[in-house]
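Protein chains in written order, with the numbering used here: chain A, 1 to 263; chain B, 1 to 268.
Hint data in this document are derived by calculation from the structure and do not stem from the laboratory.
Predicted model only: the values in this text are computed from it and were never measured.
Beta carbons are placed, not taken as given, at the ideal position from N, Cα and C, and that holds for glycine.
One thing to keep in mind: the hints can contain errors.
Unchecked claim - Among the chain A residues that face chain B by a calculated CB cut under 10 angstroms, a handful are:
#1 D80
#2 S83
#3 E119
#4 I122
#5 M123
#6 T126
#7 I129
#8 C134
#9 M135
#10 G136
#11 F186
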Amino acid sequence: MIVTGIRSLGNKAINSTYIVGMMGIFLYQCLKQIFIPPHKLYSIIRQVHFIGSRSTVIIVFTGMFTGMVLALQGYHNLKDFGSTDLLGSAVGLGLIQELGPVLTALMVIGRAGSAICAEIAIMRHTEQIDALQCMGIDPYRFIMVPKFVAALISIPILTCIFDVVGILGGYVVGVVLMGVSEGSYFQGMYNSVDWSDVQLGLVKSIIFSLLIIWIATFKGYFLHVLQSGAHGAEAVSRVTTDTVVLSSVVILASDYLIGSIML
Amino acid sequence: MDQSQNNTIIDIKNIDNYYGERQILKDINLQIRAGEIMVIMGGSGSGKTTLMRAMLGLTKTVRGDIHIMGKDITTLSLKKLYKVREEFGVSFQGGALFSSMSVRENIQLPLTEHTKLDQKTMDIMCRLKLEVVNLAGFEDLMPAELSGGMLKRVALARAIIMDPKILFFDEPSAGLDPVVSAELDELIVRLKDAMKMTIVVVTHELESAFRIADRITVIDQGKIIITGTKEEVTNCPDQRVQDLLNRRPRHENIDADDYLKRLTGSKA
């Protein structure tokens with residue numbers, strides 16, 4: 001009984017180490033290919049359209065409501081202390097440092113990360129990746145590079161859109177509905193938000209983009225290795241779910257880590 | 001080296017392959033000559049597709065070596081393996097066409113990746129290959145709009161667009177009606193005659209195998225039983241070959257104790 005337990009623990013440790021190693025090699029291969037020209041501009045633009053443009057509507061809605069909720073909560077809390085002048089500062093800092101990068105990343109995971117993982121997993125399952133390799137085409141270069149580049153371009157831009165729309169949402173609730181003065185809303189924000197705060201938000205969004213695309217492409221590409229007993233459609237659905245769960249947890253954990261290092 | 005003497009283009013020596021702990025290929029030795037159609041035949045789960053994947057370098061072998069055009073693909077770096085694969089054409093069982101690309105884009109993919117031809121020339125080459133597979137005028141359709149037979153023929157057109165030295169074909173007749181299947185067989189023979197390709201076909205369809213093959217390899221439970229001409233295979237006295245040729249069910253001698261243990265799940 002004890003021996004079986006220890007053996008199973010050992011097996012799990014070996015498997016986990018093996019998968020972490022595979023993930024490392026996979027990331028190295030993808031990043032290496034990014035720096036080797038020429039690149040297929042059309043493929044990158046298509047992916048920017050898929051990850052970026054097609055996520056814009058949902059990012060605008062999420063950003064708007066997040067800014068509105070922040071302003072609403074902030075207004076009622078600050079009112080008790082008579083400090084509603086600080087509303088702009090609270091909304092601006094909250095969005096730019098934390099909520100903008102994190103919520104944008106979570107939205108992109110749900111909309112594009114899962115789709116990218118499923119697409120690559122189906123390509124693996126239907127032998128399309130094997131076909132590419134047999135044509136002498138490197139799948140890292142052909143499939144992964146455009147997605148990595150597009151994610152690194154799109155997600156920081158989406159984060160900026162989220163921040164701007166969120167600040168506008170906060171303006172609508174704070175200034176238009178609650179009657180905070182327009183000047184104090186924007187002046188408060190101007191006084192408290194430094195370039196280092198914007199930098200922190202951008203660094204977070206760049207790291208999050210890399211993490212999202214890394215996990216989504218890895219899970220799809222190694223469907224045949226990671227399927228853990230499931231086959232076909234079930235395996236595809238399992239890796240897609242794993243991608244969403246793992247990416248979300250990793251984003252939240254890394255958010256704390258980056259914050260603790262940079263703040 | 002004996003490869004140049006007997007015109008061997010694929011030389012497989014003593015390969016073993018495992019899926020987890022289960023051995024799929026057992027000490028496989030096979031020589032395929034340039035310009036011939038070699039049919040690898042066997043029942044379901046016999047290891048024939050794994051053997052083809054090993055030849056393509058898609059499945060790792062634990063022992064032995066596979067020389068293709070003089071290069072041992074089991075030891076080549078990935079970069080060099082991709083270079084060797086540029087000489088391959090592969091048609092997978094399900095076609096493996098890219099669903100987001102049109103027929104034209106699918107067929108032209110190897111050209112756009114490996115050559116600097118202008119679009120007009122690539123379009124002409126694409127139409128030329130579609131003519132070869134009797135699908136002229138279908139270049140703007142998407143794979144989802146094609147039937148099973150058409151998918152296989154488009155996959156074949158893509159496989160031959162670079163005029164490969166070796167063409168691999170996985171189950172050309174599977175899931176097709178007899179007429180389309182016969183058309184594909186005729187096409188394979190025509191390709192060999194016209195383009196002097198070496199063609200490796202994996203199939204379990206007897207009729208198709210005997211229609212196209214120059215030589216046949218029969219594989220069963222991961223082992224090669226015989227490699228020879230159609231006559232040699234037909235006259236092979238091995239019971240498993242005769243069962244396959246005459247579509248007879250396998251008659252395994254079952255040990256009563258083993259059978260009981262299998263049923264009750266107890267270990268030996």
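Status of the hints after comparison with the structure:
Look at D80(A): its Cβ only gets to about 56 angstroms from chain B, farther than 10 angstroms, so that hint breaks. Of the supplied interface hints, the one on S83(A) is violated, with its beta-carbon coming no nearer than about 54 angstroms to a beta-carbon of chain B, more than 10 angstroms. Below 10 angstroms, beta-carbon pairs count as interface contacts, and E119(A) has one with chain B at about 8 angstroms; its hint therefore holds. At its closest, the beta carbon of I122(A) sits 8 angstroms from a beta carbon of chain B; the interface hint therefore holds under the 10 angstroms criterion.
A distance limit of 10 angstroms between C-beta atoms decides the matter here; for M123(A) the minimum to chain B is near 8 angstroms, and the interface restraint holds. With a least beta-carbon distance of about 6 angstroms to chain B, the hint placing T126(A) at the interface is held under the 10 angstroms criterion. For I129(A), the shortest C-beta to C-beta distance to chain B is roughly 9 angstroms, which falls under 10 angstroms, so the interface hint holds. Interface hint at C134(A): satisfied, since its Cβ lies 4 angstroms from the closest Cβ of chain B, which is below the 10 angstroms cut-off.
Hint status for M135(A) relative to chain B: holds, with the closest Cβ pair at about 5 angstroms, below 10 angstroms. Interface restraint check: G136(A) against chain B, minimum CB-CB distance 4 angstroms, threshold 10 angstroms, status holds. The beta carbon of F186(A) is not positioned within 10 angstroms of any beta carbon in chain B (closest approach about 46 angstroms), and the interface hint is therefore violated.
In summary, the structure is inconsistent with hints 1, 2, 11 from the numbered list given earlier, while agreeing with the others.
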